[in-house]
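K.L.:
Protein chains in written order, with this note's numbering: chain R, 1 to 334; chain X, 1 to 334; chain S, 1 to 334; chain F, 1 to 334; chain V, 1 to 334.
Since the hints were derived computationally from the structure, they do not count as laboratory data.
The reader is advised that the hints may include incorrect statements.
Identical copies carry no separate label here, and so any pair may be met within one copy or between two of them.
Stated by the list, open to error - Once the Cα atoms are required to be at most 20 Å apart in a straight line, the calculated SDA-like pairs of lysine to any residue come out as:
hint: 1; residue 1: K329; residue 2: R276
hint: 2; residue 1: K275; residue 2: F328
hint: 3; residue 1: K146; residue 2: Y85
hint: 4; residue 1: K81; residue 2: V237
hint: 5; residue 1: K81; residue 2: D239
hint: 6; residue 1: K275; residue 2: E189
hint: 7; residue 1: K116; residue 2: C16
hint: 8; residue 1: K329; residue 2: T187
hint: 9; residue 1: K275; residue 2: V286
hint: 10; residue 1: K146; residue 2: A36
hint: 11; residue 1: K299; residue 2: I315
hint: 12; residue 1: K81; residue 2: V212
hint: 13; residue 1: K116; residue 2: M219
hint: 14; residue 1: K329; residue 2: M184
hint: 15; residue 1: K81; residue 2: R220
hint: 16; residue 1: K146; residue 2: L68
hint: 17; residue 1: K58; residue 2: Y85
hint: 18; residue 1: K329; residue 2: A281
hint: 19; residue 1: K329; residue 2: D186
hint: 20; residue 1: K275; residue 2: G327
hint: 21; residue 1: K275; residue 2: A320
hint: 22; residue 1: K146; residue 2: V237
hint: 23; residue 1: K81; residue 2: R231
hint: 24; residue 1: K146; residue 2: D229
hint: 25; residue 1: K81; residue 2: N245
hint: 26; residue 1: K81; residue 2: E213
Quick caveat: nothing in here was measured; it's all calculated off a predicted structure.
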Amino acid sequence: MPESLELPSSAPVIDCAAYCGGARVADLGIDQIRGALTRDDQFVWLGLYEPEQEVLRKVQQQFGLHDLAIEDAYNAHQRPKLELYEDAVFVVLRTAHLTPAPRHLEFGETHIFLGKNYVVTVRHGSLRSHIGVRQRCESTPHLLAKGPGYVLYALMDFVVDQYMPIVQHIEQEVEELEDVIFGMTDTGEATARIYQLKRDLLALRRTVTPLVEVCNRLMRFDLPHIPEDTRLYFRDVYDHIVRLNETIDAQRELLTTALEAHLSLMSHAQNEHMKRITAWAAMIAVPTMIAGVYGMNFKNMPELSWAYGYYTSLIVMVAACAGLYVGFKRSGWL
Amino acid sequence: MPESLELPSSAPVIDCAAYCGGARVADLGIDQIRGALTRDDQFVWLGLYEPEQEVLRKVQQQFGLHDLAIEDAYNAHQRPKLELYEDAVFVVLRTAHLTPAPRHLEFGETHIFLGKNYVVTVRHGSLRSHIGVRQRCESTPHLLAKGPGYVLYALMDFVVDQYMPIVQHIEQEVEELEDVIFGMTDTGEATARIYQLKRDLLALRRTVTPLVEVCNRLMRFDLPHIPEDTRLYFRDVYDHIVRLNETIDAQRELLTTALEAHLSLMSHAQNEHMKRITAWAAMIAVPTMIAGVYGMNFKNMPELSWAYGYYTSLIVMVAACAGLYVGFKRSGWL
Amino acid sequence: MPESLELPSSAPVIDCAAYCGGARVADLGIDQIRGALTRDDQFVWLGLYEPEQEVLRKVQQQFGLHDLAIEDAYNAHQRPKLELYEDAVFVVLRTAHLTPAPRHLEFGETHIFLGKNYVVTVRHGSLRSHIGVRQRCESTPHLLAKGPGYVLYALMDFVVDQYMPIVQHIEQEVEELEDVIFGMTDTGEATARIYQLKRDLLALRRTVTPLVEVCNRLMRFDLPHIPEDTRLYFRDVYDHIVRLNETIDAQRELLTTALEAHLSLMSHAQNEHMKRITAWAAMIAVPTMIAGVYGMNFKNMPELSWAYGYYTSLIVMVAACAGLYVGFKRSGWL
Amino acid sequence: MPESLELPSSAPVIDCAAYCGGARVADLGIDQIRGALTRDDQFVWLGLYEPEQEVLRKVQQQFGLHDLAIEDAYNAHQRPKLELYEDAVFVVLRTAHLTPAPRHLEFGETHIFLGKNYVVTVRHGSLRSHIGVRQRCESTPHLLAKGPGYVLYALMDFVVDQYMPIVQHIEQEVEELEDVIFGMTDTGEATARIYQLKRDLLALRRTVTPLVEVCNRLMRFDLPHIPEDTRLYFRDVYDHIVRLNETIDAQRELLTTALEAHLSLMSHAQNEHMKRITAWAAMIAVPTMIAGVYGMNFKNMPELSWAYGYYTSLIVMVAACAGLYVGFKRSGWL
Amino acid sequence: MPESLELPSSAPVIDCAAYCGGARVADLGIDQIRGALTRDDQFVWLGLYEPEQEVLRKVQQQFGLHDLAIEDAYNAHQRPKLELYEDAVFVVLRTAHLTPAPRHLEFGETHIFLGKNYVVTVRHGSLRSHIGVRQRCESTPHLLAKGPGYVLYALMDFVVDQYMPIVQHIEQEVEELEDVIFGMTDTGEATARIYQLKRDLLALRRTVTPLVEVCNRLMRFDLPHIPEDTRLYFRDVYDHIVRLNETIDAQRELLTTALEAHLSLMSHAQNEHMKRITAWAAMIAVPTMIAGVYGMNFKNMPELSWAYGYYTSLIVMVAACAGLYVGFKRSGWL
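Bound conformation, chain R alone (with noise of 0.2 Å):
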C-alpha cells in the first residue's frame, strides 16, 4: 500500500518495502525484513509513525539497531542532531507547519536511520509531513538508485522544503505590522503580534540552527553509507537552511526594532495627544475664569450695570478663545 495524501493509518507501519536499482521490488512484512537485509543488491526502507515500544524493539532486532537511538526515537522530543552508532547514521530532524486558523506553528519529529542497505523513519506528531516523499523517491528511479544516502537526501529537502513558506510567511506579517504600526492604526494587538512572531521565530531557529552541523558532517566527513556523489545534494539543502537562518536573524533583529519604534511612535503620539488636550483645555477654561469674575457677588462692580457689559463679556471670552486658538495653531499645538 503505497502513501497517499489520506492521513496514515492507526498502524504504526506507514509502507515497507524493499528497492533494487531504484524499482520497488517487494512489500515487506515486519518479520520478513532481516531475510530481506542478507541481499546486497537492494535495500529496505522501513517507514513508521509514533510505533509502541514492542513495536520498535522489534524493528530493532531486524535491523540491529543500537538501544540509546532506539530510545530516543520512542521518547522523541530531541533536538535535530547526526550520530553514528558503530555502523549506522541516526539522524533527528523536526518538522514544522502552520495550523490554518488560529495561525500556530506546530512541530513534529522524524528519526532517521541509516545504515548500509536500510533506511528506517520513525516519525512523531506531524501528520502531514513526509507523506509524498516516498512516491516522489519511486518516481525518479535512477535517483533512488544511488541508495539509503539519496533517501535521507530526499528526506532531508522535503523537510527542509517545509520550513521556506512558514519563514516567507512571518515575512510577510511582519511587513503587514509595520503598515499597522507606521500607519499608527495599531489597535493594541501589534504587540501581542510582535511577541508572538519572535517567539515562533526563537522556535524556528532551535529547529533549523542545529541542521547546519549535520549538514556540515554530511557534506564534509566521510560518513558511511552518504555515497560521494549525494554530496552535492546535501550542499544544496545546506544552502537553503543558512539562507533561512539568515532570514530568521534578519527577522528578529526587524521585531526588536518594531517593538521599540512602536513604543517610540506611541511616545511621540501621547505627546501630540497632550498638547492637543491642553490647548482645548485652555479654551474651556478662561472662559469659565472670565465668568467667574463676573459671577462675583460684590456691590460695586460697574461692568454688571452696563448695558452691554453681558454682551462685552461674551466677545471677550470669545475673543480670548480665538487667540488662544490661533496661538496654539502657530507653536504646532493644534
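Fit chains X, S, F and V to the known structure of chain R by using the hints.
P.N.:
Then chains X, S, F and V, alone, in the frame of chain R:
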C-alpha cells in the same frame, strides 16, 4: 544499609561498598577501604555528605587524593568542571532543585573523585539529590560492571535529569506571564516575576553551560578510567545539556522581549486611558463653563428672564455633551 | 552587438563572443559555442538575461554545466556563494540599486559559471547592473588576456562598487535624521525612517557579508581557473567588502542609538511640556477659585460691601498669578 | 625588616632578601643583589613601591632587565598581561579594593619580573595590597622552596583573592537594589546606583578578563622558570578567574534587566496613579458642575424655590460621588 | 629642510633623505632616489603630502611599487590594513585628532610603503600628524640604524599615541555627562551629547580595531624588512591598541547604560512631578467646589444666613486644604 528516600543521617558517610562484576560484595568502613583497593577485580564506591575536614583527611589517605582537589571538595563553591590530578579524574557538578513554596531555586554541589577502581562522591547542600542513584545502579549489575566510569555517567545523568523539570517549570511560568501581560491583567507583579525568572535562568545557565565542556572531554579525549563503551552514554548526557542550554537561552530572549512588550502595552494603555479621561473631562467642563456664564451677575442678561431660559440652558448643556460624546466616539477616544 | 546603456532587449542572450589574447575575435550564436570551446587559445563569454528554461538547457549542453547549478541559475533567490562543480566554479552575486523616488532598495542576482575557457553570466531582476562591464574589459585587452578569472574579478568589482553609493546615501540619510531628531523638528516620521533604514541595512548586509567568504576562497585557496596574478585584485575587492561591512554595522548601531535617543528626547520634551502646562493651569485655576469664593451667597460677607472690594479682588487675582509666574519661572517650569 | 601590616614607609625598597631551600638566608641591599644572583642554589626576592626612575635604573642593572619592561613598570597604567623578554617573564597584575565610605573601587598595579633565580615586584597605587604575601610564603618553606615560580603563584593568588569579596559586595548591593526596586521604595537613587554598579563591573571585568589569557599561558605553555609542579596551582587561580568572570557577566546582565524592569514598574505606577487621580478628579468635578448649574441666575428655576431644593442638590452631589466611587472601585481605578 | 612644527608647505614632497647607520647622509630630490637605492648600506625615507597623481607616478617608478597600492595611496579612504605586494609591505594607518572648538573628531590617513632599503609615507587630510616623527628618529640614531622597520614602528607608535588623549577626553566627557544626568541638571542636551560620543567611539573603533590584526602580523609572522629585534616594539604598540579597544568598548557600554538610566530618571521625575501637581490641583479644586456649593441660588440655604457662615466656609476650605496637604505630605506626594 543501602540508600533510601529518607534524608541522609547526620553521619558524613552515607554508604561505602565494594562492587565486583556489578554486584555489591561488601560493606566497608572507611578504614577498610585501602585494603579493598588492592584487589583489581572490584571497585569501591564511597558516598559522603558535607564531611568534616578530619573525615576528608582520612578519605584522602585511603584513596591517595590530591591536596587541591580535597580543598575544593571541602570548601565547595566551585563551578562545574573536570580536572585531572595525575591518575585521578575530579568532577564538580552542581545540583539544582525547586523548593515548593515560595518557589525558589536551590543549588547544591557534588564532587566526584574517579580512580582506576574507586569512585568517591562528596555532596553539599542539596539533600534530595543523588538519593536513588546507587539503588538504580545496583539494580542493573550488567551496566554497573563497566566500573567507576559508569557510576560517573549515572551520577551526571541523574543530576542533569533534575534540570529539565526546572526549565519546564520556568517555560510554563513564562507562558502564564504571557497570558497576564497580553491579557492586560497585570496587577503590577509581572515585572518582578520576569526579573525573578531571568535571575533563575542566569543561575541555571552558569550551572549547565560548563557541563558542555565537561561532557566534551568525557566524549572526545582519552581520559583515564572512562571505558570506551561509556562514551555513547556521555554523548547522551551531552545532548541533554545542549538542549537545556538552548531552551534557557531561548527563554532568556523571550523574557527580554516580554519585558519590552509589557512596557509597550502599558504605554499603549496609558494613551488609551488619556484619551478616555480627556473625553469625559470635556463633557464635565463644557456644562460647567456654560453654567458659569449664566451665573454671571450682569444686570442686562435677557436670557435670564426668559420663561424657559433655564430649561434651554440645560438642553444646550446636554446637547453639547451629546455632541462631544458622539465626536469622541467617532474618533475612537471613547 | 556590444553592450550599451540601453536596456537589454527581450532576447535572453545579451552578448556572446570569443576572446583571444584579450581581443574579441568572433561573435557567436549559442550553437557555435561548443565549437569555439575546443580551441585552447581563446575563451567564450556569454551573457544571458532571465533566460527561459529551454535556453538554459541548450547552454548547459554547450558548456557541460551541472544540473544543480543550472537549477539555481534558473530559480534565482540564492544567497551569494561560491561553489565548485567538478571543474567549474559557480558564483552567485546579488546586485543592488536605489530607485530614485520613492527611495527604495532593489536587488537583483547574477550567476556566473566559470570554466577553463568560458564564462557565462545569468542575470535576474536588475536591468541596470552589468551594463558596461564587457565594454570596460574589452578596452583593457592586456588585462582581459588573463582569461575568464579576470572577467569574474571585473564583474565582482562592478557589483561591489554599486554598494558603496547606496551605503553612502544611507549614511547621509542618517545624518539628516540626526538633525531632525536633535533639532526636535520631528513631525512623527523620524521613527519610520529609522526603521526603514535599518531594514535596508539588514538587507544590504545579507548581500554583502557572504562575499567575505567568497573573496576569501578566491584569494586563499587553489580554485581552478583563477590565475595566480588576479589574487591581488580579489584582495582589493575583499577590502571593499570588509569596509562596507564595517560601515553597515556602524550605521546599524548608530540607528539603534538614534531610536533610543529619540525616545529619550521625547520623554524629556513631555516633562518640559507637563511643567509648562501645569504652570499655566495654576495661573487660571487660582483666580477661578478666588472668584468662586466671592461668588458665594452668604448674607454676611463684609468684603462684598467694600467700595473697592471688586478692585481689590482683581488685584489679588493678578498678584497671585504674578507670584505664580515668578515662582514657576524661577524653578524652571516656565 | 619583614613586611608588617603597617603601611610601607616612603622608601621605595620594601624588602629584599635571598632565599635558599625556602628559607630566608640574607637581607640584601640593592647593590648586593648582583653578587647574590651568582649563586645557583638561592633566589632573590625584591619588593619595590612606586620607585623613582633612578632606583629602577639601578635595579635594571642588577638583574639585567629589558628597557621596555622597565618603562612599563615605571609608567604603570598597563593592562594585565604576561610577556617574555628573552629569559625573563614579565607579568602585570591589577589589584583592586573597595574603600569603606564613600564606597569606591580603587585600582593599583603590580608588575612582576621573574627570572631563573629572582623575582622583583613593583607596586603602584594600592598600599594595602601584597602586605602579608611574603610572610605567608616564608611560613611555608617547603612550598617557597619551589622557587620564584611559586612566588608568582602566591602573588597572583593573593591578588585574585581580593576580587572575590568585591564581587560579592556588588552581588549583595544588587540584591538590595532589587528590594528597593520591586518594593517600590525607590527615592530616585536606584537608577544612579545601578549605573554605578555597572561602571564598577566594567572596570573589574577589564581587570579580571585578561588574566584568563595570562593563566592559560602559565598552565599550558612551556614558559621558563615556571616549575612543572606549580601548574596545578595556576589552574586553581584560573578556576577562580573564570568564576569571577562568569559572576561579573551575570551581574551585568541582571543590572541591565533591573534597569528595564525599573522603567517598566515606573510606567505601571504612573498608569495606576493616573487612574486614581482621574477618579478623584471626577468626584470633585461632578459636584462642582452641579453647583454651577444651581448657581445660574435664571429667573425661572423652580428647584431654587423648593423647600428642600438645597438638600436635594447636596444629596444628588453626594450620590453622584458615591456612584462614581463605586464605579471606579469596580473597574479597578481606585 | 627637516620637518618643523609649521604646517607643511603646498609642495607634495615634505622631506626626502638617505640614512646610513642611523644618520642622515644626504637630502635627495625625487629623481635621485633610484640612484640612492642601489647602495645596500643606506635607506631612503620619503615623505609625501597629498601628492598629485603625476608625482605618485614618478615615485612609483623610482621605488618600483605596485599599481594597486599606488591607487589606494592616491584615493585614500582605506581601512587600516597591512598588505604584501611581492617584496614590499604596504601599511595603511588612520590618524585622528580632536579639533578644539567646536569639539569634533577629524580623521586623516597615512599610507606607508616599506621595502628592503626604503620607506615612503603618503599622508592625507591630517596636517598635524607625523610632524616630529622624523626629528625624533634622527635624534636616536642607534635605533634608526635598525632600518626601515624601525621607521614603521616609529610612525605607528606616533599615530597610536594620538588616540589615547582622544579616548581620555571622551572618558572625561562621559564623566561630566554622568554628573549632568544623575544631578538631574540636564537641560535637554545630555541625550545629544551621548549620541555624539557614541558616534565618535564607533568611528574611533573602526580606526583602532583593524590595527590589532596589523600588529599581530608584524609581531608573529615572517614579514620581510621587519627586523627580528623590532618585534618587541610592535608588541608594545599592540598592547596600546588592545587597551584602547577595551576602553572604547567599555565607554560604549557605559553610554548605552547612561542613555537608559537617563530615560529611567526622566520617567521617575515625571512620576514625582505628576504627584506634586496632583496634590496642588486638589488643594485648588476642593475650595472651588465648596465655593460653588455656596454660590448656588437656592432660596432655602440656612447656612447663608448664619452670621459667621462666610467665615465658617472659609475655615472649612482652609481646613480641607490643610488636611489634603498633610495627607499628601505623609504619602510622599508632596
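K.L.:
The structure should be examined with respect to each hint, and the outcome stated for every one.
P.N.:
Now for the hints, and whether the structure bears them out:
{"no.": "1", "hint": "K329 to R276", "in the structure": "both (10 Å within a copy, 17 Å between copies)"}
{"no.": "2", "hint": "K275 to F328", "in the structure": "both (9 Å within a copy, 17 Å between copies)"}
{"no.": "3", "hint": "K146 to Y85", "in the structure": "between (22 Å within a copy, 19 Å between copies)"}
{"no.": "4", "hint": "K81 to V237", "in the structure": "both (15 Å within a copy, 14 Å between copies)"}
{"no.": "5", "hint": "K81 to D239", "in the structure": "both (18 Å within a copy, 9 Å between copies)"}
{"no.": "6", "hint": "K275 to E189", "in the structure": "between (26 Å within a copy, 18 Å between copies)"}
{"no.": "7", "hint": "K116 to C16", "in the structure": "within (17 Å within a copy, 47 Å between copies)"}
{"no.": "8", "hint": "K329 to T187", "in the structure": "between (28 Å within a copy, 14 Å between copies)"}
{"no.": "9", "hint": "K275 to V286", "in the structure": "both (17 Å within a copy, 19 Å between copies)"}
{"no.": "10", "hint": "K146 to A36", "in the structure": "within (18 Å within a copy, 35 Å between copies)"}
{"no.": "11", "hint": "K299 to I315", "in the structure": "between (24 Å within a copy, 17 Å between copies)"}
{"no.": "12", "hint": "K81 to V212", "in the structure": "both (10 Å within a copy, 16 Å between copies)"}
{"no.": "13", "hint": "K116 to M219", "in the structure": "within (18 Å within a copy, 25 Å between copies)"}
{"no.": "14", "hint": "K329 to M184", "in the structure": "between (22 Å within a copy, 17 Å between copies)"}
{"no.": "15", "hint": "K81 to R220", "in the structure": "both (15 Å within a copy, 17 Å between copies)"}
{"no.": "16", "hint": "K146 to L68", "in the structure": "between (28 Å within a copy, 17 Å between copies)"}
{"no.": "17", "hint": "K58 to Y85", "in the structure": "within (18 Å within a copy, 43 Å between copies)"}
{"no.": "18", "hint": "K329 to A281", "in the structure": "both (14 Å within a copy, 19 Å between copies)"}
{"no.": "19", "hint": "K329 to D186", "in the structure": "between (27 Å within a copy, 17 Å between copies)"}
{"no.": "20", "hint": "K275 to G327", "in the structure": "both (12 Å within a copy, 19 Å between copies)"}
{"no.": "21", "hint": "K275 to A320", "in the structure": "within (18 Å within a copy, 22 Å between copies)"}
{"no.": "22", "hint": "K146 to V237", "in the structure": "within (17 Å within a copy, 35 Å between copies)"}
{"no.": "23", "hint": "K81 to R231", "in the structure": "both (18 Å within a copy, 17 Å between copies)"}
{"no.": "24", "hint": "K146 to D229", "in the structure": "within (8 Å within a copy, 33 Å between copies)"}
{"no.": "25", "hint": "K81 to N245", "in the structure": "both (16 Å within a copy, 15 Å between copies)"}
{"no.": "26", "hint": "K81 to E213", "in the structure": "both (8 Å within a copy, 18 Å between copies)"}
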